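Residue numbers (this note's numbering), protein chains in the order written: chain A, 1 to 224; chain B, 1001 to 1197; chain C, 2001 to 2179.
In short, the hints are calculated from the structure, not lab data.
Errors might be hidden in some of the hints.
[Stated by the list, open to error] FRET-style restraints, in silico, Cβ to Cβ:
1. C:2163 x B:1152: 44 to 54 angstroms
2. A:44 x C:2160: 24 to 34 angstroms
3. A:84 x C:2174: 48 to 58 angstroms
4. B:1184 x C:2163: 42 to 52 angstroms
5. A:91 x B:1117: 48 to 58 angstroms
6. B:1185 x A:198: 38 to 48 angstroms
7. B:1018 x A:84: 16 to 26 angstroms
8. C:2016 x A:131: 33 to 43 angstroms
9. B:1038 x A:156: 23 to 33 angstroms
[As the list claims (entries may be wrong)] No farther apart than 27 angstroms at their CA atoms in a straight line, the calculated lysine-lysine pairs in the DSS-like style are these:
10. C:2163 x A:79
11. A:165 x A:181
12. A:181 x B:1111
13. C:2163 x C:2177
14. A:79 x B:1121
15. B:1111 x B:1121
16. A:181 x A:123
17. A:123 x A:165
18. A:83 x C:2159
For clarity, every value in this text was computed on a predicted model and none was experimentally measured.
Virtual Cβ for every residue (Gly too), placed ideally from N, Cα, C.
The residues making up each chain are set out below.
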Amino acid sequence: MIRVAKVRLRLPRHVGKSLLAGALVLLCARLGVAQGPDPLLGLDTNSRFAVDLMIDSATAAQLPTGPLLSRVLEGIHRKVDGKRIVDAVRRELGFLRSARSALGGVPDDELIAAAAVLEAGAKPAQLAVFRTRHKDRSDLAAFTYWADLITRGVPSEDASSAITKLWQDGADDATFYSLWKSVNSDILQGLNPGAALQARIRETPGRAPSSKTPPEGPQETQSQ
Amino acid sequence: MTDSDQHPYVEWIAREAQRPVVTDQAARERIMLAVRAEPVPKRRSRVWARVFEPRAFRLSPVGSTLLAAGLVGIGVIAGGVLNNRDVRPPVGEPKAPAVVQQLPVSDTVVKFVFVAPQASKVSVVGDFNGWDATTTPMVRTPNSSLWTVTLPLTTGRHVYSFVVDGSSWNADPAAPLAPDDGFGPKSVRIVGRGFAL
Amino acid sequence: MNDDAADVQRVLAGDVDAYAALVDRYYDRCARFAVRMLGNRDDAEDALQVTFVRAYRALDRYQERDRFSAWLYRILVNQCRSIAARRAHRERVFVREEALLLNAPERSTGWTGEDEEFVQRVLSELDPLLREAFLLKYIEEMSYEEMSTLTGVGVSALKMRVKRACDRLRERWERIKHD
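The task is simple: from the sequences and hints, build the whole structure.
Dropping the structure here:
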């Protein structure tokens, strides 16, 4: 019986180990960190145990572990205490899981950006609309600006419906960028974030032609 | 756990496992409901008590083996389950990319700019340098308040902040914000093939 | 313990509601064991229901010289074993993918402890007999003698199981740490 138990434990190790190793190699490459010293060294022991276990769970669930490790390192360098770091990692893992549930199999960067949309305050159902994604498109930009708008104070419902409508109309990354840029500039000048978005959305063309110049001021809308 | 030589991780697991689980009042009520439907147990007379005295729950060697075999079956199944789970994508999902994402080989060079007229030093920190302010100091353009640095970044999404004079963390006013996670302000840079937003 | 004996007397004298006091006194602790042992709330609630009803039926056999909790736990431990064995049988019949889904992280198990699901995953990976011994020793904090009476297994075998459980847990962490 004991022998069987030993064999059982070796089976997942081989697979799990190579996956986690792969994820860590990838992370180190992306972090530009030499794979020498242990990146989690700055954590107290109990926090270290909790984080290790969560990263292990993320790997087992085929979720990217980069953002989790990044939170830990950020927390360590910001001199945040271990318990808050653990809380942040747990929250991030939760958002990654929700994003995965909502979107299914998408590239890691989009998943992480989608998790940020949820973290900002959007609901999983709003994200799930993007599940029927276009194969040749990345939604990384759309998700990034969506999260930003909510973070800046645009009501979550307004931001979600604006981004979704643009996306459904086939807007490209440049369109999202220019919308974001103009709304951001309006907010910095003191405009109410929700109002700023409504105003700029009305000006944004639906199916954008190849022109990349952002609309300056009010303009006759050509679609809708 | 009183063994002083127990490994700290094992002690931690024990402590965590000792936490109470939240229980459901309704479940307790269901128990009492079932109990009330039963005949009331009556104390048996002394004579019968000796006859019905419960034997110690001691399994015979055969019994133990069979029980162990039954339970070991769980262990083997669970092991197999874990093994498969690590390799297969979730059932019913479109083919998910492998956990180790294949990134394009070429990086894109990205310029970071921050305006800080009063600062004596500024660094950029982010997921590309382990959030370490000593790694990537920025350089002040002479006679201006502009601090800049140019870095190769891998394609994809990056999160970063500017650290002023070693202690003040700032978002990039020219970039989308990352959501507020309680750690402090930070920004997002998207790097694609040949462009960065 | 005096309370327990007194409550049992009251039930045997016909006061069924006195059993609720016993349930209230032991439910949470038994629930913790059942949940940690079986790894999911549904099975744990089944185990608890059967345990308390069987304990009620067998009250006439409870002797005041026994500790009520030990007596109750004997029933609970055996109930957890049968549910686990039944579940193993069901899983053998399932297609592997379905068994995978039973363990899928997205499935809500109603945990409220924040890191509970992670620790529970680790515990659930232990061989059931090792897990049982580990839980009785370090979560229920029983002596080996009590555990022996409860499980019907000899003290040295139990010590071996507890040691093996700790070894497995430690090895598992070494693996996470070094990968």
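Quick rundown of the hints versus the structure:
1. Range check, residue 2163 of chain C to residue 1152 of chain B: Cβ separation about 52 angstroms, and the 44 to 54 angstroms hint holds.
2. In this structure the hint that residue 44 of chain A and residue 2160 of chain C lie 24 to 34 angstroms apart at CB holds, the actual value being about 33 angstroms.
3. For the hinted restraint 48 to 58 angstroms between residue 84 of chain A and residue 2174 of chain C, the CB-CB distance of approximately 27 angstroms leaves it violated.
4. Look at residue 1184 of chain B against residue 2163 of chain C: about 46 angstroms separates their beta carbons, and that is inside 42 to 52 angstroms.
5. Between residue 91 of chain A and residue 1117 of chain B the Cβ separation comes to about 36 angstroms, which falls outside the hinted range of 48 to 58 angstroms.
6. Distance hint check for residue 1185 of chain B and residue 198 of chain A: the Cβ-Cβ separation is about 26 angstroms, which falls outside the suggested range of 38 to 48 angstroms.
7. The hinted window of 16 to 26 angstroms between residue 1018 of chain B and residue 84 of chain A holds, with their beta carbons roughly 23 angstroms apart.
8. About 54 angstroms separates the C-beta atoms of residue 2016 of chain C and residue 131 of chain A, a value inconsistent with the hinted range of 33 to 43 angstroms.
9. Hint check: residue 1038 of chain B to residue 156 of chain A, Cβ distance near 53 angstroms, so the stated range 23 to 33 angstroms is violated.
10. Note on residue 2163 of chain C and residue 79 of chain A: the hinted pairing is violated, with a Cα-Cα distance of about 38 angstroms set against a maximum of 27 angstroms.
11. At most 27 angstroms may separate the alpha-carbon atoms for a hinted pair to count; residue 165 of chain A and residue 181 of chain A meet this at roughly 18 angstroms.
12. Among the hinted pairs, residue 181 of chain A with residue 1111 of chain B is consistent with the structure: their alpha-carbon atoms are about 18 angstroms apart, no more than 27 angstroms.
13. With a C-alpha separation of about 21 angstroms, the suggested pair residue 2163 of chain C and residue 2177 of chain C falls inside the 27 angstroms cut-off, and the hint holds.
14. Taking the CA atoms of residue 79 of chain A and residue 1121 of chain B, the gap is about 19 angstroms. The hint holds against a cut of 27 angstroms.
15. For the hint pairing residue 1111 of chain B with residue 1121 of chain B, the CA-to-CA distance comes to about 17 angstroms; that is within 27 angstroms, so the pair holds.
16. A C-alpha spacing of about 24 angstroms is found between residue 181 of chain A and residue 123 of chain A, which places the hinted pair at or below 27 angstroms, so the restraint holds.
17. Between residue 123 of chain A and residue 165 of chain A the alpha-carbon distance is near 16 angstroms, which keeps this suggested pair within the 27 angstroms criterion.
18. Distance check on the hinted pair: residue 83 of chain A and residue 2159 of chain C sit about 34 angstroms apart at the alpha-carbon level, beyond 27 angstroms; violated.
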